[in-house]
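If you're matching them up, the sequences are chains P and G in order.
When you line the first sequence up against the working numbering, it's residues 663 to 1095, in that order.
When you line the second sequence up against the working numbering, it's residues 663 to 1095, in that order.
Calculated from the structure, these hints are not laboratory results.
Quantities reported herein were computed from a predicted structural model and do not represent experimental measurements.
Positions of the beta carbon are idealized from the N, C-alpha and C atoms, including for glycine.
Honestly, I wouldn't trust all of these hints.
Not everything, but these chain P residues come out facing chain G in the computed CB check (under 10 Å) [what the hints assert, rightly or not]:
#	residue
1	Ala-727
2	Ile-793
3	Pro-794
4	Glu-808
5	Arg-1075
6	Ile-1078
Residue strings, one per chain:
There are 2 protein chains.
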Amino acid sequence: MNIPDINLKRIVIIGGGFGGLRLAKKLSTQNYQVVLLDKHNYHAFQPLLYQVATAGLEPDSIAHAIRQIFAKKQNFFFRIAQVQSINPETQILSSNIGDLHYDYLVIATGSETNYYGNVNIAKNAMPMKSIPEALDLRSLMLQNLEAALLTNDLDERYRLMNYVIVGGGPTGVELAGAMGELKKHVLPHDYPDLDIRRMNVHLIQGSDRLLPSMSQHASDHAFKYLEELGVQVWFNMTVKDYDGQIITTDKRPFEATTLIWAAGVKGTLISGIEGDGVVVGGRYSVNEFNQVKGFENIFAIGDVSLMMTEEKPKGDPMVAQVAIQQGKLLAKNFENLKNNRALIPFKYKDKGSMATIGRDKAVVDLPNWKFAGWFAWFVWMFIHLVSLVGFRNKMIALMNWIIQYFQYNKSVRLIIRPFKGRHGDETDDPNLF
Amino acid sequence: MNIPDINLKRIVIIGGGFGGLRLAKKLSTQNYQVVLLDKHNYHAFQPLLYQVATAGLEPDSIAHAIRQIFAKKQNFFFRIAQVQSINPETQILSSNIGDLHYDYLVIATGSETNYYGNVNIAKNAMPMKSIPEALDLRSLMLQNLEAALLTNDLDERYRLMNYVIVGGGPTGVELAGAMGELKKHVLPHDYPDLDIRRMNVHLIQGSDRLLPSMSQHASDHAFKYLEELGVQVWFNMTVKDYDGQIITTDKRPFEATTLIWAAGVKGTLISGIEGDGVVVGGRYSVNEFNQVKGFENIFAIGDVSLMMTEEKPKGDPMVAQVAIQQGKLLAKNFENLKNNRALIPFKYKDKGSMATIGRDKAVVDLPNWKFAGWFAWFVWMFIHLVSLVGFRNKMIALMNWIIQYFQYNKSVRLIIRPFKGRHGDETDDPNLF
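Chain P with its partners taken away, still in its complex shape (with noise of 0.2 Å):
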């Protein structure tokens, strides 16, 4: 792999996401040689995948190249690689561009969408974990409503404007609102020859409320925007199967020829970190110092661990800030290795959650206080600008919102590769990271 060997020890990072991104960038590079490997060449700001999907944003405002980020770091190596397997035996993991040794290892691959082994909902529906899933959807979205204006069968054409998403949480929400958007405000101009009435943005839930993991204020009001902007959801109700055409559910069927599926993720797991109660729900059972249970050095942070204490049984939630916090923590804890200080136990610090529905429409949750609307529309906007990594992505993002927010429109509604068929990201060997 052509990586210098030098009298450092070496930590390999499997991951360029919010966790693995944030634990490179803290790590002293005095103190130890650092490996980065991504499948991609960027880091992807995944809470605006959904603004790309729809046509808000370009996909290159959300990625940054990692090896931008990195560009003065010493003894940092950065590689596009796809991680097969671990041999914690002999400390070497094999990938698609060759074997590496390490002395301490930390697993930072995120999730991917998890489909509950329904094979056909696998196949047929439309997964929104990467960039370009985002971009293969909205190709999709965009084809489908071009097909609409070319068939005169009416059954099609109903199907071709009906999508359906399943999953109340942030992503189906989201997605859900700006899909709204487009429906109330733009494509009635631009398909003046199709009724636009006639779509339908469908949001199913399987429990009684949507955003689950906020308040119940936050709860109301963004089912209450989601109905302002047209988009039905329904509660209680669980998809049980999908071909393509037909989605049936415990309740109703829907025809529709998108399924947009944001009902869940599970841990993306490399194959030989196992044993005991190693791999528990998908994730990767750690110590309170994200160490992997059984490992000394080997590490997981973010959406792939999952830390069980007495207080928090069912860990923290597969959400951003955690990804960062103990990427960050556990910069810390490699210097305290170093100076074989002990390590710090891991506490998440939840700073509150908020999730947007469209223009004016957002929701947060501070931990004294709860609020919606244009505030806290403002208050999403200004988070997450200061979120995205480079000065660039910022004022590209910002100046979308501000054309955006004036002339109530999204721009790039471009069909840039038409959408094929399923998998458009060629680097998403399942079997692989």
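Based on the hints, put chain G in the right spot on chain P.
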């Protein structure tokens, strides 16, 4: 094709490039029904394709959704379609989405890469005439650097770091300049563990000067600027063959994994329009009203047309300005037709030409003034900004250029979809428009 039948004559325009777009915008849909067909749902601003390929602009900034442009136009219909053939007898065109009758047909299909029959070059070289092709080129250039990091075979590494551009016209010169800037200012920081001094950008030109369509003043400055950026320019050299690794010329061979072909274009013809002298040099021979030879109701404008006059036996250059002016005049002539007035003959008004090589390095030829340097660069930037379609695109491009100006950076060096082999534009069947 589900186009409502109304009591107007139907003009079908094939192609939403500079000519077709201008024509469609200017046509009064009080007097005609207008149908615009394009194989993409967007207009691409081709003069900036090279910036997409070299990570300076996101693809979405140089594309604009065609539906958005015509959102409020009556009696106007847009369809994504690939026209397969035309039957002038029945006045029906066949496409992948069905047949359509026309009263008037305007062929504005533009031009495509011309390999002059060399199948090896066509198979192994990279073209850059569409947004998907520019994105493929961006991915490939970055992938090759990543691959260069991984190999220990020094010959292989050298080939991966060699980029050869064929063609010293505006496309080749602008691309070579942008790659020179990447090499000089960006890549050494991105790839500290790669000796970027070993990277070469070669520009091969068949004649004895660059930008042969511009003044000697412009040619001289372009050459000087490229040398300053470390680009190696080869004059009076003809590329003979390319097997994917070795480029054979009439002088010396080059070893390179990447060959970018910007050495020629030809009109994108559609089968069915034939006859004595109708196609000349791969373009439709038209009279001074842009009527295709032998047809009264079939017009061709822009790159695909060739208007030979006594004054200009070789016709006008294949540039955007010609297409725009022809589109504009043809719209007026359709009004004249409607009102039984005489048609106005076309006369190209050369407003000048320009090319940019890098930051503060541009050349401008105006009819009465030729200049180069930072002021030319500002003029180039201003002209391209106002020419970009859409307020959002202008603002985003401006923002990108301002940031790049001060940071000496090109921020979108992302491999969003890895290049896997030729013909990334899935809709580009060479037999179809």
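Against the earlier hints, flag every one the structure doesn't satisfy and list their numbers going up.
Violated hints: none at all, because every hint is consistent with the structure.
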